[in-house]
Amino acid sequence: MCALFLLSLFVGKYPFTIEGLLAGDERQWLVFKMLRLSRSIVGVAGGFALGVAGYIYQTVFRNSLASPDIIGVASGASAGAAFGILFFAESLMVTVSAFGGAFLAVVFTLLLASIDRSGRNSTVILAGIAVHAFAQTILMSLKLIADPEKELASIEYWIMGSLNGINSSSIGINVALIVISMIILIVLHRQALILASDEGEAKMLGLNVNGSRLLVLMTATVAVASVVSMTGLISFVGLVAPHVAKRLTRNNSISTMVLCGIVGACLLEAADILARSVAATELPVSIFTSIIGVPFLVFIIFKGGKGHE
Amino acid sequence: MSNKALISARDLSSGYGKKQILSDVNLDVNANEIVALLGANGCGKTTLIKTLCKIIPGSGEVLIKGEDASSWSARKFAQNCSLVPQKSGISIDITVLDVVLMGFNPFLYLLGRPTRNMLAEAEKLLDLFGIADRKYDSFQTLSEGQKQLVIIARALVTDTSVVFMDEPESSLDFSVRYDMMNTLREQIVGKDKCALVSLHDVNLALNFCDKLLLIKDGKISSVIDVHSEDRSSMEQKLQSIYGSVRLMPVMDEAGKESLIMVKA
Numbered sequence: 001m002c003a004l005f006l007l008s009l010f011v012g013k014y015p016f017t018i019e020g021l022l023a024g025d026e027r028q029w030l031v032f033k034m035l036r037l038s039r040s041i042v043g044v045a046g047g048f049a050l051g052v053a054g055y056i057y058q059t060v061f062r063n064s065l066a067s068p069d070i071i072g073v074a075s076g077a078s079a080g081a082a083f084g085i086l087f088f089a090e091s092l093m094v095t096v097s098a099f100g101g102a103f104l105a106v107v108f109t110l111l112l113a114s115i116d117r118s119g120r121n122s123t124v125i126l127a128g129i130a131v132h133a134f135a136q137t138i139l140m141s142l143k144l145i146a147d148p149e150k151e152l153a154s155i156e157y158w159i160m161g162s163l164n165g166i167n168s169s170s171i172g173i174n175v176a177l178i179v180i181s182m183i184i185l186i187v188l189h190r191q192a193l194i195l196a197s198d199e200g201e202a203k204m205l206g207l208n209v210n211g212s213r214l215l216v217l218m219t220a221t222v223a224v225a226s227v228v229s230m231t232g233l234i235s236f237v238g239l240v241a242p243h244v245a246k247r248l249t250r251n252n253s254i255s256t257m258v259l260c261g262i263v264g265a266c267l268l269e270a271a272d273i274l275a276r277s278v279a280a281t282e283l284p285v286s287i288f289t290s291i292i293g294v295p296f297l298v299f300i301i302f303k304g305g306k307g308h309e
Numbered sequence: 001m002s003n004k005a006l007i008s009a010r011d012l013s014s015g016y017g018k019k020q021i022l023s024d025v026n027l028d029v030n031a032n033e034i035v036a037l038l039g040a041n042g043c044g045k046t047t048l049i050k051t052l053c054k055i056i057p058g059s060g061e062v063l064i065k066g067e068d069a070s071s072w073s074a075r076k077f078a079q080n081c082s083l084v085p086q087k088s089g090i091s092i093d094i095t096v097l098d099v100v101l102m103g104f105n106p107f108l109y110l111l112g113r114p115t116r117n118m119l120a121e122a123e124k125l126l127d128l129f130g131i132a133d134r135k136y137d138s139f140q141t142l143s144e145g146q147k148q149l150v151i152i153a154r155a156l157v158t159d160t161s162v163v164f165m166d167e168p169e170s171s172l173d174f175s176v177r178y179d180m181m182n183t184l185r186e187q188i189v190g191k192d193k194c195a196l197v198s199l200h201d202v203n204l205a206l207n208f209c210d211k212l213l214l215i216k217d218g219k220i221s222s223v224i225d226v227h228s229e230d231r232s233s234m235e236q237k238l239q240s241i242y243g244s245v246r247l248m249p250v251m252d253e254a255g256k257e258s259l260i261m262v263k264a
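Each protein sequence line maps, in turn, to chains W and F.
Using the working numbering, read the first sequence as starting at 1 and increasing by one per residue.
Using the working numbering, read the second sequence as starting at 1 and increasing by one per residue.
Just so you know, the hints here were simulated from the structure itself, not pulled from any lab data.
Don't take each hint at face value.
As the list claims (entries may be wrong) - Taking lysine to aspartate or glutamate and the EDC-like style, the derived pairs with C-alpha atoms no more than 16 angstroms apart in a straight line are:
#1 F/K4 / F/D28
#2 F/K87 / W/E199
#3 F/K219 / F/E33
#4 F/K65 / F/D28
#5 F/K256 / F/E235
#6 F/K87 / F/E167
#7 F/K219 / F/D28
#8 F/K147 / F/D173
#9 F/K147 / F/E167
#10 F/K147 / W/D198
#11 F/K65 / F/D159
#12 F/K87 / W/D198
#13 F/K54 / W/E199
#14 F/K124 / F/D98
#15 F/K54 / W/D198
Stated by the list, open to error - In silico negatives: residues of chain W with every beta carbon more than 10 angstroms from chain F:
#16 A3
#17 L111
#18 L112
#19 I125
#20 I129
#21 M140
#22 K143
#23 A153
#24 L177
#25 M204
#26 L205
#27 F299
Treat the numbers as computed from the prediction; the structure is a model and nothing was measured.
Just so it is clear, CB atoms sit at the ideal spot from N, CA and C, and this is done for glycine as well.
Turn these sequences into a full structure, and let the hints steer you where they fit.
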């Protein structure tokens, strides 16, 4: 992860050298601070957060296909970003609007799920599907009224996800939110594992099931919303990182949760390096998270399968 | 040794949605007693345990150690009562030792981690059940019977005063059932604790429990006191649930007599 972080500082359109930085070259310092450093930090912090959030969703929902999309975070953020692009234009407001969209989507999902007093996990997933569909409808409506030359392209580009053009003024607060969320989730790890049992079983282990589930999911969601509001949609990291980490450790200990974050950070950082270096123009990062993630996941599954034989 | 009631239910009724399963159940389980719930499939044994554990809502009164448990938090309830469910819902990879240590959760604060003593207790119970060598293996790699033993260890590790068990013997083989019930007696009797155990194996109930509560159509139809009641009276009560059955005395090598139920 550290190696990829350092490598990502030196890859890009505008070359700079350590000698140049040490010599105090103003242009090189500007490139380093405004473009590379912030981008590398978001790559590591964002990938880590998506990996850990994916682990939390998969554990709490007891569903290995769960990812941040499952409770409407991603689609809510897309609708929020599209709204921001159409009505505010300023990039900081697009970030704020995307964060608000993601957060609102999860609030609606949990509110809808709370109608069912049984507190079943499947209800939350069904509520997430409903909110996802609703957010998609809003997104399509916003696309219809968007200017095809400018705004529609911006919306599409945002949905494809990229670490390019991250608003540096929003990084501080978002990275701080990610760090706080990660600390809270590490503290709540024991509770998250108990939530992976049956409702009654978790209750008889002394857990306030509804309160704990709400706290764990909301914390993971704040982390995901902080990431997607800066980068747009980053697919696959939240799904694949926990699978890779769990295949490697074969358990769900706290170190596995941290490993999920490290795998996510490596995946996103590596994908971003490729996204900005394989073609003359920058490509959406999600293409590369899938290109790197899928073969790696297949390799891990294959290796795991052989081990079982 | 005290014989005060640790579990009391008064006029307990409950069900699922509009379907009522239990009606007006009254029971007392005293300290140092193991009480069996017996009855046909679907008679309400699991519902009774779930209602007493506040997992499903019900009307009436539940007293744990003489206190009204309805206002207790989940944490306080779990500090006093542990449960072995019919089947654990754990479906993720987690080590056997970590599953047993989950039992200490009600006694740990948010940032707390299991202490060395807790770890030693967990390992001791796994050793007792013969699965200590699997302690670092994933829970998912165990057989159903071994999983059940791990969940029983989780319930017994914390020394709670009240233990509820819902068909703990269902996945265990013949000899392990007896070992498990022996361990349960060692953990309960003489320690001012009690257990309410729903069982399908009547012979286990006859040989390891102090009282048998026979449930029919959501009500306790009769109570058998294993230590003081004569064989024919017990037979008569069991026949009301299981049809034409007989109780036969058998003697082991040490000359100890026990009863087994056979279908006539």
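Status of the hints after comparison with the structure:
{"no.": "1", "hint": "F/K4 / F/D28", "result": "holds, 9 angstroms"}
{"no.": "2", "hint": "F/K87 / W/E199", "result": "holds, 12 angstroms"}
{"no.": "3", "hint": "F/K219 / F/E33", "result": "violated, 21 angstroms"}
{"no.": "4", "hint": "F/K65 / F/D28", "result": "holds, 11 angstroms"}
{"no.": "5", "hint": "F/K256 / F/E235", "result": "violated, 20 angstroms"}
{"no.": "6", "hint": "F/K87 / F/E167", "result": "holds, 9 angstroms"}
{"no.": "7", "hint": "F/K219 / F/D28", "result": "holds, 14 angstroms"}
{"no.": "8", "hint": "F/K147 / F/D173", "result": "holds, 13 angstroms"}
{"no.": "9", "hint": "F/K147 / F/E167", "result": "holds, 13 angstroms"}
{"no.": "10", "hint": "F/K147 / W/D198", "result": "holds, 15 angstroms"}
{"no.": "11", "hint": "F/K65 / F/D159", "result": "holds, 15 angstroms"}
{"no.": "12", "hint": "F/K87 / W/D198", "result": "holds, 9 angstroms"}
{"no.": "13", "hint": "F/K54 / W/E199", "result": "holds, 11 angstroms"}
{"no.": "14", "hint": "F/K124 / F/D98", "result": "holds, 14 angstroms"}
{"no.": "15", "hint": "F/K54 / W/D198", "result": "holds, 14 angstroms"}
{"no.": "16", "hint": "A3", "result": "holds, 29 angstroms"}
{"no.": "17", "hint": "L111", "result": "holds, 22 angstroms"}
{"no.": "18", "hint": "L112", "result": "holds, 20 angstroms"}
{"no.": "19", "hint": "I125", "result": "holds, 15 angstroms"}
{"no.": "20", "hint": "I129", "result": "holds, 21 angstroms"}
{"no.": "21", "hint": "M140", "result": "holds, 36 angstroms"}
{"no.": "22", "hint": "K143", "result": "holds, 39 angstroms"}
{"no.": "23", "hint": "A153", "result": "holds, 42 angstroms"}
{"no.": "24", "hint": "L177", "result": "holds, 21 angstroms"}
{"no.": "25", "hint": "M204", "result": "violated, 4 angstroms"}
{"no.": "26", "hint": "L205", "result": "violated, 5 angstroms"}
{"no.": "27", "hint": "F299", "result": "holds, 19 angstroms"}
When each numbered hint is compared with the structure, violations occur for hints 3, 5, 25, 26.
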